[in-house]
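2 protein chains.
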Amino acid sequence: MTVRWNSVVLLAGGVGGARMAEGLARALPSGSLTVIANVGDDEEFYGLRVCPDIDTLLYTLSDRIDRGQGWGVGGDTVKALDVLRDLGAPTWMKLGDADFGLHIWRSWRLREGDSLSAITAEATKRFGAAAKILPATDDRLRTRLDTDEGWMDFQPWFVGRHCKPKVKELRFDGAGDARPGAPALAALAAADLIVIAPSNPLLSIEPILAVSGLREAIASAAAPCIGVSPLIGGKAVKGPLARLMADLGHQVTSAAVARRYGGLVDAFVVDAGDRADAGALEADGLAVLSTDILMNGPPGAERLARELLEFALTLPVQPGRAA
Amino acid sequence: MTVRWNSVVLLAGGVGGARMAEGLARALPSGSLTVIANVGDDEEFYGLRVCPDIDTLLYTLSDRIDRGQGWGVGGDTVKALDVLRDLGAPTWMKLGDADFGLHIWRSWRLREGDSLSAITAEATKRFGAAAKILPATDDRLRTRLDTDEGWMDFQPWFVGRHCKPKVKELRFDGAGDARPGAPALAALAAADLIVIAPSNPLLSIEPILAVSGLREAIASAAAPCIGVSPLIGGKAVKGPLARLMADLGHQVTSAAVARRYGGLVDAFVVDAGDRADAGALEADGLAVLSTDILMNGPPGAERLARELLEFALTLPVQPGRAA
Chain A
8 MTVRWNSVVL
18 LAGGVGGARM
28 AEGLARALPS
38 GSLTVIANVG
48 DDEEFYGLRV
58 CPDIDTLLYT
68 LSDRIDRGQG
78 WGVGGDTVKA
88 LDVLRDLGAP
98 TWMKLGDADF
108 GLHIWRSWRL
118 REGDSLSAIT
128 AEATKRFGAA
138 AKILPATDDR
148 LRTRLDTDEG
158 WMDFQPWFVG
168 RHCKPKVKEL
178 RFDGAGDARP
188 GAPALAALAA
198 ADLIVIAPSN
208 PLLSIEPILA
218 VSGLREAIAS
228 AAAPCIGVSP
238 LIGGKAVKGP
248 LARLMADLGH
258 QVTSAAVARR
268 YGGLVDAFVV
278 DAGDRADAGA
288 LEADGLAVLS
298 TDILMNGPPG
308 AERLARELLE
318 FALTLPVQPG
328 RAA
Chain B
8 MTVRWNSVVL
18 LAGGVGGARM
28 AEGLARALPS
38 GSLTVIANVG
48 DDEEFYGLRV
58 CPDIDTLLYT
68 LSDRIDRGQG
78 WGVGGDTVKA
88 LDVLRDLGAP
98 TWMKLGDADF
108 GLHIWRSWRL
118 REGDSLSAIT
128 AEATKRFGAA
138 AKILPATDDR
148 LRTRLDTDEG
158 WMDFQPWFVG
168 RHCKPKVKEL
178 RFDGAGDARP
188 GAPALAALAA
198 ADLIVIAPSN
208 PLLSIEPILA
218 VSGLREAIAS
228 AAAPCIGVSP
238 LIGGKAVKGP
248 LARLMADLGH
258 QVTSAAVARR
268 YGGLVDAFVV
278 DAGDRADAGA
288 LEADGLAVLS
298 TDILMNGPPG
308 AERLARELLE
318 FALTLPVQPG
328 RAA
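Residue numbers (our numbering), protein chains in the order written: chain A, 8 to 330; chain B, 8 to 330.
Same shape as in the complex, but just chain A (with noise of 0.2 Å):
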């Protein structure tokens, strides 16, 4: 299958959305695809900066990736994280030698004054990743959760919690003054087209479109916009979508994470036997792709993508859209 798209977007979070960005980079030409991302997940671990997402796509698309978890390095060790427990430290974040090797890294360059976005292309080029990747922002962003604990910072609730604390509210500390870097804009000014990665909407994806400017730029690009379903059956492949959903109030349904993403989606692709939420959004006027969205490794991955950019070129280009 050839396709005509040469500069693909894709707006992502973690691991779900790291396998959609590794569908796409197998499905495309080289070159052809920029991957922005989440930083609310983002947290310092002794001084050091830990972009977990980043991170995820970045050894990811590098098949650097422990595929057996879908995040960290594959056949990592954990002697730095044993003598930081020996010194007294907390030690509830995994963080493996050569995932330090990255993250001390980072940190180094952030001090030395490199922008996040000029630090993440280096990586991303050193590596050999098959995609750019582009922070969503340089500013500091970063996800709060108000619980029935009281407020706390994502990595806390995610790992240290195991997202056991009941969630009543979400944050996007900082994102009113953050700004989307030059390259993540002119990426989504110069697009072809643009796709939502199934990640987790509350908790990846719109800490996204919270920086200031991101939303607008999407929504006023001529390229169609498609975005995928992280449900299957009202249930999520990973992670705590569908309880955080419910705790919130949202109905857990393909068509409700669509919903959110209005104004900014043409399409969505949900799963072959979520009819109701298909018949539902074709109802709001989106054009709609029901297939198989479970990816069963990269050539599953690769399936999905393939489909997905079929698709898309029945969406209709709107150039007036642009400013």
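Derived by calculation from the structure, the hints in this document are not laboratory data.
Among these hints, one or two may not hold up.
Each pair may be met inside one copy or between any two copies, as identical chains are not told apart.
To be verified - Here are the computed lysine to any residue pairs in the SDA-like style, where the Cα-Cα straight-line distance is at most 25 Å:
no. : residue 1 : residue 2
1   : K101      : F134
2   : K139      : A96
3   : K132      : D93
4   : K139      : G95
5   : K132      : G95
6   : K101      : G81
7   : K132      : P97
8   : K101      : G82
9   : K139      : D93
10  : K132      : A96
11  : K132      : T98
12  : K171      : A253
13  : K101      : V85
14  : K132      : R92
15  : K132      : W99
16  : K139      : R92
17  : K101      : R56
Given the structure of chain A, go ahead and fit chain B onto it with the hints provided.
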């Protein structure tokens, strides 16, 4: 053999100093050894503070050391360093993964505002090290070398260039402003014996003595002070000492080393084979112990330590010398 020593202070650099420290720790009652460590070799790598002499002491005294090479952590791996190399960072300093755990922790604590003394004391305790380890100073002090290739920092010369550039002059940057830590001064004042380890006098011991007031604190201490020669038959057991002394125009003998400590040492330990040095130093008025000074493994270090401690019983305490 029992000894009466309850409070011994050792001045030490890296590998040779750590061997002497281990021998003394094995020979002395628990809790009676304090090591004042050189920090002139300290360096920042990727924004992380590495203290090679403190680390070697810490790893040796907690039995984590790589016994084969005398530095670093036994069985350590270099996954983080491999990633740093992939990312284009200079990686001539061989920092292992477990080793990085300590550097990450120390750098984090320093940025949080803790002193190197407090951090080192906590690491010593957490690692269960067999002696207290105190940095000679918490202030910045760096050994720099004027070479036939210009001025160089210590680690780039020592590790980066394998000591190849010929040294014309040594300088201890910051020594004039650096103050000893209060615990180091207290340990010297309370000591019943002071030992200068068979470390490199020019690169390990003199940067300690260059700390403002430290030389005076030793000179005015009531405790006798014994030095141990780092040379056997004019050759160093390890490291660049012999060539460095020759390059700087010094005689490469145990007597020449002892004379650099003039006004500090009451006694000196030389190798049994170095009879001329023993005679010369006795003529200088020093008490001399001539014995096998090669520390072959921890039992060999303990044997030398016991001989030294026994010999030190013959030295007069000078309570009147204390200020």
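Right, here's what the structure says about each hint:
| no. | hint | verdict |
| --- | --- | --- |
| 1 | K101 - F134 | both (22 Å within a copy, 21 Å between copies) |
| 2 | K139 - A96 | between (35 Å within a copy, 21 Å between copies) |
| 3 | K132 - D93 | between (36 Å within a copy, 10 Å between copies) |
| 4 | K139 - G95 | between (38 Å within a copy, 18 Å between copies) |
| 5 | K132 - G95 | between (36 Å within a copy, 11 Å between copies) |
| 6 | K101 - G81 | both (13 Å within a copy, 23 Å between copies) |
| 7 | K132 - P97 | between (33 Å within a copy, 17 Å between copies) |
| 8 | K101 - G82 | both (13 Å within a copy, 21 Å between copies) |
| 9 | K139 - D93 | between (38 Å within a copy, 17 Å between copies) |
| 10 | K132 - A96 | between (33 Å within a copy, 14 Å between copies) |
| 11 | K132 - T98 | between (30 Å within a copy, 19 Å between copies) |
| 12 | K171 - A253 | within (14 Å within a copy, 67 Å between copies) |
| 13 | K101 - V85 | both (8 Å within a copy, 18 Å between copies) |
| 14 | K132 - R92 | between (33 Å within a copy, 13 Å between copies) |
| 15 | K132 - W99 | between (30 Å within a copy, 22 Å between copies) |
| 16 | K139 - R92 | between (35 Å within a copy, 21 Å between copies) |
| 17 | K101 - R56 | both (14 Å within a copy, 23 Å between copies) |
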